[in-house]
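There are 2 protein chains.
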Amino acid sequence: MKTEILCVGTELLLGDIVNTNAAYLSRELALLGVEVYHHTVVGDNPQRLAQALNIAFSRSDTVVMTGGLGPTYDDLTKETVADYFHCPLKLHQPSLNAIEDYFARTGRELTENNKKQAMLPEGCTVFPNSCGTAPGFALTVESKTAILLPGPPSEMTAMFELSVRPYLEKRSQKILVSHNVHIFGLGESHVESLLKPMMTSYCNPTIAPYAKQGEVRIRVTASAGSPEEGDRLIAPVLGQIQAALPDVVYGIDVDSLQGAVVQTLMQRGLKLATAESCTGGLISKRITEIPGSSQVFDCGICSYANSIKETVLGVSRQTLCRYGAVSPQTAQEMARGVRKLAEADIAVSTTGIAGPDGGTPEKPVGLVYIAVDSPWYSQVMELHLSRGRKKEREDIRYLASSHALNLVLQALRKAPQPDESDCAELK
Amino acid sequence: MKTEILCVGTELLLGDIVNTNAAYLSRELALLGVEVYHHTVVGDNPQRLAQALNIAFSRSDTVVMTGGLGPTYDDLTKETVADYFHCPLKLHQPSLNAIEDYFARTGRELTENNKKQAMLPEGCTVFPNSCGTAPGFALTVESKTAILLPGPPSEMTAMFELSVRPYLEKRSQKILVSHNVHIFGLGESHVESLLKPMMTSYCNPTIAPYAKQGEVRIRVTASAGSPEEGDRLIAPVLGQIQAALPDVVYGIDVDSLQGAVVQTLMQRGLKLATAESCTGGLISKRITEIPGSSQVFDCGICSYANSIKETVLGVSRQTLCRYGAVSPQTAQEMARGVRKLAEADIAVSTTGIAGPDGGTPEKPVGLVYIAVDSPWYSQVMELHLSRGRKKEREDIRYLASSHALNLVLQALRKAPQPDESDCAELK
Numbered sequence: 362m363k364t365e366i367l368c369v370g371t372e373l374l375l376g377d378i379v380n381t382n383a384a385y386l387s388r389e390l391a392l393l394g395v396e397v398y399h400h401t402v403v404g405d406n407p408q409r410l411a412q413a414l415n416i417a418f419s420r421s422d423t424v425v426m427t428g429g430l431g432p433t434y435d436d437l438t439k440e441t442v443a444d445y446f447h448c449p450l451k452l453h454q455p456s457l458n459a460i461e462d463y464f465a466r467t468g469r470e471l472t473e474n475n476k477k478q479a480m481l482p483e484g485c486t487v488f489p490n491s492c493g494t495a496p497g498f499a500l501t502v503e504s505k506t507a508i509l510l511p512g513p514p515s516e517m518t519a520m521f522e523l524s525v526r527p528y529l530e531k532r533s534q535k536i537l538v539s540h541n542v543h544i545f546g547l548g549e550s551h552v553e554s555l556l557k558p559m560m561t562s563y564c565n566p567t568i569a570p571y572a573k574q575g576e577v578r579i580r581v582t583a584s585a586g587s588p589e590e591g592d593r594l595i596a597p598v599l600g601q602i603q604a605a606l607p608d609v610v611y612g613i614d615v616d617s618l619q620g621a622v623v624q625t626l627m628q629r630g631l632k633l634a635t636a637e638s639c640t641g642g643l644i645s646k647r648i649t650e651i652p653g654s655s656q657v658f659d660c661g662i663c664s665y666a667n668s669i670k671e672t673v674l675g676v677s678r679q680t681l682c683r684y685g686a687v688s689p690q691t692a693q694e695m696a697r698g699v700r701k702l703a704e705a706d707i708a709v710s711t712t713g714i715a716g717p718d719g720g721t722p723e724k725p726v727g728l729v730y731i732a733v734d735s736p737w738y739s740q741v742m743e744l745h746l747s748r749g750r751k752k753e754r755e756d757i758r759y760l761a762s763s764h765a766l767n768l769v770l771q772a773l774r775k776a777p778q779p780d781e782s783d784c785a786e787l788k
Numbered sequence: 362m363k364t365e366i367l368c369v370g371t372e373l374l375l376g377d378i379v380n381t382n383a384a385y386l387s388r389e390l391a392l393l394g395v396e397v398y399h400h401t402v403v404g405d406n407p408q409r410l411a412q413a414l415n416i417a418f419s420r421s422d423t424v425v426m427t428g429g430l431g432p433t434y435d436d437l438t439k440e441t442v443a444d445y446f447h448c449p450l451k452l453h454q455p456s457l458n459a460i461e462d463y464f465a466r467t468g469r470e471l472t473e474n475n476k477k478q479a480m481l482p483e484g485c486t487v488f489p490n491s492c493g494t495a496p497g498f499a500l501t502v503e504s505k506t507a508i509l510l511p512g513p514p515s516e517m518t519a520m521f522e523l524s525v526r527p528y529l530e531k532r533s534q535k536i537l538v539s540h541n542v543h544i545f546g547l548g549e550s551h552v553e554s555l556l557k558p559m560m561t562s563y564c565n566p567t568i569a570p571y572a573k574q575g576e577v578r579i580r581v582t583a584s585a586g587s588p589e590e591g592d593r594l595i596a597p598v599l600g601q602i603q604a605a606l607p608d609v610v611y612g613i614d615v616d617s618l619q620g621a622v623v624q625t626l627m628q629r630g631l632k633l634a635t636a637e638s639c640t641g642g643l644i645s646k647r648i649t650e651i652p653g654s655s656q657v658f659d660c661g662i663c664s665y666a667n668s669i670k671e672t673v674l675g676v677s678r679q680t681l682c683r684y685g686a687v688s689p690q691t692a693q694e695m696a697r698g699v700r701k702l703a704e705a706d707i708a709v710s711t712t713g714i715a716g717p718d719g720g721t722p723e724k725p726v727g728l729v730y731i732a733v734d735s736p737w738y739s740q741v742m743e744l745h746l747s748r749g750r751k752k753e754r755e756d757i758r759y760l761a762s763s764h765a766l767n768l769v770l771q772a773l774r775k776a777p778q779p780d781e782s783d784c785a786e787l788k
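Residue numbers (the working numbering), protein chains in the order written: chain A, 362 to 788; chain B, 362 to 788.
No lab work stands behind these hints, which were simulated from the structure alone. One should not assume that every hint holds.
Pairs involving identical chains hold if they fit within one copy or between any two copies, as the list cannot separate such chains.
What the hints assert, rightly or not - Heads up, simulated PhoX-like pairs for lysine-lysine below, C-alpha to C-alpha not over 25 Å straight-line:
1) 557 / 477
2) 573 / 752
3) 451 / 363
4) 363 / 531
5) 775 / 632
6) 477 / 363
7) 557 / 476
8) 632 / 505
9) 535 / 724
10) 752 / 775
The whole structure should be built from the sequences, with the hints applied where relevant.
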């Protein structure tokens, strides 16, 4: 079923709003196995809308439209579709009742205009609007289907969830199941080259890598008759991907590196502390983003000045003088210091030069030291994160924070299992 | 000049990314007086791309394209445009040199593939890529113009700023001059209603508000023959906007709230410290995002646990027991404590309930206290930031951090001018 998305709205053409509707619908339709080949946007102009509809149906079987269902004279999507199909609009009483209810509920007065929203083409499948007034609908004439949805994203997504997805699933008899493998420490092209044989030879499930902010996510998607069947198809592929990419997979179906860190800390019953210089609080910000992180994270110190590294974290003056603030020695003492201060089980620290200023030939912009400290594992890492781009301060800081979180994860994997010895003794 | 935007990329059709490029280009083109009537998205498929290009040129004079300029076999935008115009691609030596420089600088190896990116149609206007490898270009044949830009938004926007806008301005003999008024503490619709008379009656300069993450930016844009003429047209309007919106304008042409805070601290020669609970390091992250912030920021404490509030910040146990961690008293003692610890001139603190769990009827999710402490001004603020939406933890934290930064700015405005008394004595 070739499908395209046609969004109507002058505000999109002026760039006043971003077309999140097209992205949402594309993602949801892809998950349903519906192939979307085009997105089009036109303004609230009847000629250009009619022309766009003609082009769309000349190359697609189904056109999903958003916008132009409002009560005013320039909302013409419905009228244009009705014209295209030679299908007159008729008053749909249940929709009018719903609109009247909506106005009564929100204490506003119904105007004659709003009744226009209850005029629908005969024979259509009506999609009620749970968040607003305009109903949507699907209309099929001679194997061409138009699906009309309201423009405001909250109304559109609610209608999709409640009515459109069930409508499409019923048509296709198939559902899509996806699982995501999360990778840190290997670039997209490298990941792609390692998985290429699988990516090209498998067609169900399919394998697709996505890169974002220094990480790679591999989406494995199966088309199946049930969620269980989908999981059964995907499971072996997840195993193969993990085998092909040893050491760099940090989680499956986790939200983020920080999500994996918080989850692992919870499982192990351990607490983390952070001491940040160049990342300036970004690591603690990312950790505390996760609901429930307060169970595993008590304290983060952003020690931007040497004096704070000394007085709060207990980095020795000698270390700072001899090796400088950006050095493996300082990183190590920062991690050790914050672990002691916070009485944590494990601590991580960063110190580096995020730029754009402050670099020297010996210590250039992008040089970052990350230390992890715990009773069972301590380690310092040297990173060179500059790519010579402009405005890369934020990139360097973000990548440094990701490396720090990943180093914590690696250290946690080496942690002695809780109560392992106790269990052995009990036996 | 009828223009349309044609974005190439299967990832857009899969909904993996949102088409921010189309929105950015639409906004920028509208500001240049260029009328955009269509957006189209197609995947990396040569037939559909060629077809889309034909449709686009059948109704528009200029087609601005993004994406498909990469080095791999499925990047075909350039080839398709060259075919359309019957214009062969030739090696453009300066572009190849730039690509080789880029690889040398980033320490990666140039592959044969990448050389493909330096192949450009004869007679085009080349747009160098300051953030990546693929150059863009404009090509005009018989009054039809194609403008090709790379897909990654950072590369595309940098190229637009540096090359495409000047190219379009040259075509139109006019330049656009913009200044931005930054507002915090008033919603977009409120701002719009206060400025409506100006927005509707002025046509040069134009006034347009943009809302983002709890802030409003008002862009004032003049079409003029020179930058000086533009500034002359805009200056009185900036004054009128500030008069219409007293107390909520935090800066003109500043990057962000944190940028305004760092700038003001530098001007006054003052140092700031932060003590964060619910914002978890987000304030210190935002401050240290600003290059040079190390001159005015030494120390940020993320005291997520009560024990850290007590041991590191010196919040009294009595206060924590009697009023709780989320209380104006605790906020006050946190700010006071971190100011003393860091020997700073001014400090700000946050404590609150970011959710989704942890709320009670007395202290619901979204309740946040923010305190500012300085010798000349101290203040505690109570905020209720929940809107009852799902997944609003990040919104609550971000808004709380913005309120905290804004409170610091307000306090800094009340600070005694440096050396004011000294100057008076000297007279």
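| Checking against the hints above, which ones are violated? | Numbers 3, 6, 8, 9 and 10 - these are the hints that the structure violates, sorted from lowest upward.
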